[in-house]
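Chains as they are written, first to last, in the numbering used here: chain A, 1 to 164; chain D, 1 to 372.
It is possible that some hints are incorrect.
Claimed, not checked - Sample of chain A residues at the chain D side, in silico, Cβ under 7 angstroms:
1. 3
2. 6
3. 7
4. 11
5. 14
6. 15
7. 16
8. 22
9. 25
10. 26
11. 28
12. 30
13. 48
14. 49
As the list claims (entries may be wrong) - Some, not all, of what chain D presents toward chain A, calculated at C-beta under 7 angstroms:
15. 61
16. 158
17. 161
18. 169
19. 240
20. 343
Unchecked claim - Computed spacing ranges between beta-carbons, pair by pair:
21. D/322 <-> A/5: 34 to 42 angstroms
22. A/62 <-> D/185: 16 to 24 angstroms
23. A/23 <-> D/89: 32 to 40 angstroms
24. D/182 <-> A/71: 53 to 61 angstroms
25. A/28 <-> D/133: 20 to 28 angstroms
26. A/23 <-> D/226: 22 to 30 angstroms
27. A/5 <-> D/292: 13 to 21 angstroms
Treat the hints as calculated values from the structure; they're not laboratory data. In this text the structure is predicted, and so the values were computed from the model without any measurement. Note that CB positions come from ideal geometry on N, CA and C, so glycine has one too.
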Amino acid sequence: MGFVTPDYGTIFWMVISFGIVMFILKKFAWAPILKALKDREISISEALNSAESARKEVAGLIASNNMIIAEAKREKVIIIKEARDIKDRIIAEARVQANLEAQKGIEIARQQIIAEKDSAISDIKKQVAELSLMIAEKVIRKQLENPKDQEILVKDLLKDLKLK
Amino acid sequence: MLTAEYNENTMIQIIRPLIFIIFAVFIGTGAVCANEDTVKSEETEHAKSFNAGKYVIEHVSDAFEWHIATFGETHISIPLPIILYSSNKGWNIFMSSRFHHGHETYNNFRIESEGQHEGKIVEVNESGEVVSLPVDLSITKVVAGIFVSVIVLLLIFLNIAKTAKEHVNQAPKGLQNLFEPIILFIRDEVAKPAIGEKKFERFMPYLLTAFFFILINNLLGLIPIFPFGSNVTGNIAVTMVLGLFTFFVTALNGNKHYWKEIYNPDVPWWLKFPIPLMPIIELSGMITKPFVLMVRLFANMMAGHMIVTVFISLIFIFNSILGVKIGLGVSVISVAFSVFIIMLDILVSFIQAYVFTLLSAIYFGMATSEHH
Numbered sequence: 001m002g003f004v005t006p007d008y009g010t011i012f013w014m015v016i017s018f019g020i021v022m023f024i025l026k027k028f029a030w031a032p033i034l035k036a037l038k039d040r041e042i043s044i045s046e047a048l049n050s051a052e053s054a055r056k057e058v059a060g061l062i063a064s065n066n067m068i069i070a071e072a073k074r075e076k077v078i079i080i081k082e083a084r085d086i087k088d089r090i091i092a093e094a095r096v097q098a099n100l101e102a103q104k105g106i107e108i109a110r111q112q113i114i115a116e117k118d119s120a121i122s123d124i125k126k127q128v129a130e131l132s133l134m135i136a137e138k139v140i141r142k143q144l145e146n147p148k149d150q151e152i153l154v155k156d157l158l159k160d161l162k163l164k
Numbered sequence: 001m002l003t004a005e006y007n008e009n010t011m012i013q014i015i016r017p018l019i020f021i022i023f024a025v026f027i028g029t030g031a032v033c034a035n036e037d038t039v040k041s042e043e044t045e046h047a048k049s050f051n052a053g054k055y056v057i058e059h060v061s062d063a064f065e066w067h068i069a070t071f072g073e074t075h076i077s078i079p080l081p082i083i084l085y086s087s088n089k090g091w092n093i094f095m096s097s098r099f100h101h102g103h104e105t106y107n108n109f110r111i112e113s114e115g116q117h118e119g120k121i122v123e124v125n126e127s128g129e130v131v132s133l134p135v136d137l138s139i140t141k142v143v144a145g146i147f148v149s150v151i152v153l154l155l156i157f158l159n160i161a162k163t164a165k166e167h168v169n170q171a172p173k174g175l176q177n178l179f180e181p182i183i184l185f186i187r188d189e190v191a192k193p194a195i196g197e198k199k200f201e202r203f204m205p206y207l208l209t210a211f212f213f214i215l216i217n218n219l220l221g222l223i224p225i226f227p228f229g230s231n232v233t234g235n236i237a238v239t240m241v242l243g244l245f246t247f248f249v250t251a252l253n254g255n256k257h258y259w260k261e262i263y264n265p266d267v268p269w270w271l272k273f274p275i276p277l278m279p280i281i282e283l284s285g286m287i288t289k290p291f292v293l294m295v296r297l298f299a300n301m302m303a304g305h306m307i308v309t310v311f312i313s314l315i316f317i318f319n320s321i322l323g324v325k326i327g328l329g330v331s332v333i334s335v336a337f338s339v340f341i342i343m344l345d346i347l348v349s350f351i352q353a354y355v356f357t358l359l360s361a362i363y364f365g366m367a368t369s370e371h372h
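Chain D with its partners taken away, still in its complex shape:
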C-alpha cells in the first residue's frame, strides 16, 4: 500500500514543483509589483489603480453573481439566486442583482466587503449594524458551475448509455467511442488492479462518477466563457465533499480485517497498551487519506487558475506602472505563458482526476482486502 502511494506521489512530485516554482516566482513578483503599484497610486493619487492581489483572488474565489465582463463602470454579470434563512425573517429567496454588485442592502441583508465576515451575507438592522449571520444556501458561482457540469455529465453519459443500449454487441459510435476507452481504462487499469477482480464492480459507479465529475469540472473550469469557467474543483468545499464521499464509501465497505488493522493491529502489545499509540496513528491515517485527496485536488486546480490569472494581471501591472507600450510588450509574453499554463492545466486536469480515482480505488482495495 505504501508503494502504490509512492508511485503516484512520484508522478505528482514531477508536476507539482514545476507549478509551484512558477507560482512562487510570479506571485512574488506580482506582490512586489502590486506594492509598488499602491505606493505609486498613492503618490499620484490615481483612483483607479490596479490591485493585482485582489484581482487574482476574486477570479479564483466564489461569488454571489457570475461576473462576465466590466466596461468602465458597467458590470456585466449573471445574477444568481440568493437563498437565506434567518431566525428573524425565515426564508428569503431573491436574485443577487438586488445587491447591485454588493453595493446595496436589500431586505436588511448585505454582502460584507470587509472585516470579520468579509464576503459573507449578513443581516443588518435599520442603523446598519450586523445583527446575525443567516444560514446561506445561495446558488453561488461555484454551485452554478456544479449544476452546469452536472448537466454536461448527464447529457454526455445518458447519451452514451442510450447508444450502448441501442447498439448491443456492436462497435462503439460517436461519443461512446470517445469515452469508452477512458471507462475501460478506469475499469481495467485503476479499479481491477487496486480493488481486485472479485469486488471492483461494486465501486465502479462511484469511481467513474468521481473521475468524470472531476475531469469535466477541471476542463470546463479552463474555458473562460459563461456558462463555463467556474472554478469548481479549485473550491475546497467541493473537493472536501469528494474526499468525504471517498471516506464514507471506504468506511462503509471496510471489512473485519480492515477495522482490526486499525483498532488492533499486529504490533507489540506495548504499542497498544496503556497508550493506544498504533490505533491513534491508524485512525489519523484513515482521516488523513480523504484530507490529502481534498487538498491535492484543490491546490492543483487553484494553483492552475491562479497562475493563469497572475500572468494576465502582469499585463495590467506593467501597464499601470510603466505605461501602455510596456504593457502591450509584456502582454505577448504573458499570453504565451498563459497558453503554456493552460496546456499544462489540461494535462493536470487529467492527472488529478486520475490520481483522485486511483487513490480512492486503492483505499477501497485496502478496506476490502482479505489478507496482506
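The shape of chain A in the complex, shown without the other chains:
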C-alpha cells in the first residue's frame, strides 16, 4: 500500500467510526461535560457574588455597629458628665442648705442664749433685790430691837431727810 494514496477501505471505516464516535460523544459525553462545566461556572460565580454581597453586608453591619458603639460612648460621656454635674450641684446645694441650717440653728441658739441670759439676769436681779430686802429687813429688825437704836436710826434718817 502506497502510503500517500488514501485507501478507500480505510476511508470507509474511518468515516463510519469517526461519525459514530462523534455522535456518541456529542450526545453522551460532550453535552453533559460541557453542561457540567457551565453549571459549575455559574454556581461558582453565583457563590462568589453572594460571598461578595455577604461581605458587603458584614461590612455594613460592622460600620453600623461602630456607629452604635461611638454613639453609646458619646452618650456615656454625656451621662457621666451630667451625673457629675448633678452630683456637684447636689453637694453644693446640700452645703449651702447645711450652712443655712447651721446658721439658723446658731441664730436660734444665740437668741435662746440671750433670752435665757436676760431672764437669768432679771431673775438674779429679782432674787438679789429680794435677798437684799430680806437682809435689809433682818438687819433692820436686828438693829431695831432696842428702842435706842430705833431712835438713832430715825434720827439718822431724819438727818438725811433735810428739807431743801
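Start from chain A and add chain D according to the hints.
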C-alpha cells in the same frame, strides 16, 4: 484571517524544519547505507541482508495483519478480518491468517507483493493471473487502530461524563480532573476567540471530538505494544477523512456572507468578469484549507514515526555492514536519538491536535462571521 494562519504557521515552522533536517540527514544516510548494504550482500551472497528502506516503509504503512515480532522465520502477528466484495464471488470474509503472511493464495485471492497493485488484494484465476481488483473493506492495521482508539476515547469520555453527571457543581475528580483543563482550553482559547461567543457552542462537539481523536491516536501511535502503535494519524486516508469533516462542517455552516465572499467578492469587476479569477481563487482556497489540514497532520505524524524507525534501523544497518560490535555501539546513540524523537513526537502530538482544532475553529469562524 491571514494573521491567524500566520501565527500558527510560525509555530509549525519552528518545529517542522527541525524534524525535516534530521529526517533528511538520516534518510539520506539510511539510503546510502542501504545501497551499500545491497551491494555488499550481492558480493557476499548474503541471503538475509537488512533492507532499511523496506523495513521503515513497512513499519509506517498499513497492513492486513498486526505484526508484533519476528523470531527467525516465525512471524508473530494478530490476524485481522479481510472483507472483500468481487463481482464474481460476492462477499468474502475471512481472517488474514489464511494468506500466511502474504505467501499464499486463499479462495483465489492474493496479496500482490510487487507490480502495479503492490500491497493490494487481487482476485486471481486458476493459473495465477490477476482477474480483477475486489472491493476491499478489510479491517487493516490502521482500521483496527482506529477501533482501539475509539474504544479508548469512549471509555475515557463516557467515564468523565458519568462523573460530571454524578458530581454536579463539585470539584472535578479523577480522569475528569485530567481532561477538564484541556476541554476548557479548547473551549476558551480555541473555539471562543476563533468562532465568537455566540456561535461557538454549535461547533464544540466536533472540535472536541477531532482534538481528542487526533491526540489519542497520536499518543497511542507512539506506544509500540499491541493493541497500540498503529500509525493512524500518519495514514493519509484517516487525515483525509478528518479534513473532509472540517470541510463539510464549514460548508454546511457557511452563511450568506461567506458564500458571497467566495462567489462575488468585493473586488474590481474585471477580476470577476469575463474570467471569474477571484471566485476561482476563493474556491481553490476553500479546498486548499482541508487539504492542508490533511497533509500537515499526515506528514508530521508520518515523519515522527519514520525517524524513530530510521534510527532503530541504523543499528541493523551498522550491524550488517560493520559487524556486531559496531552495531551495539551505534545502538546506544540510536536509542538515545529515538528517545529524543519520541519526546519530540509527544510534543508534536499535542501541537498537531491543537493546530488541527485551532485551524478548524478558525475556518468555522470565517464561515459564520457576520462582518469583516
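Which numbered hints does this structure break? Structure breaks hints 7, 13, 14, 20, 22 and 25.
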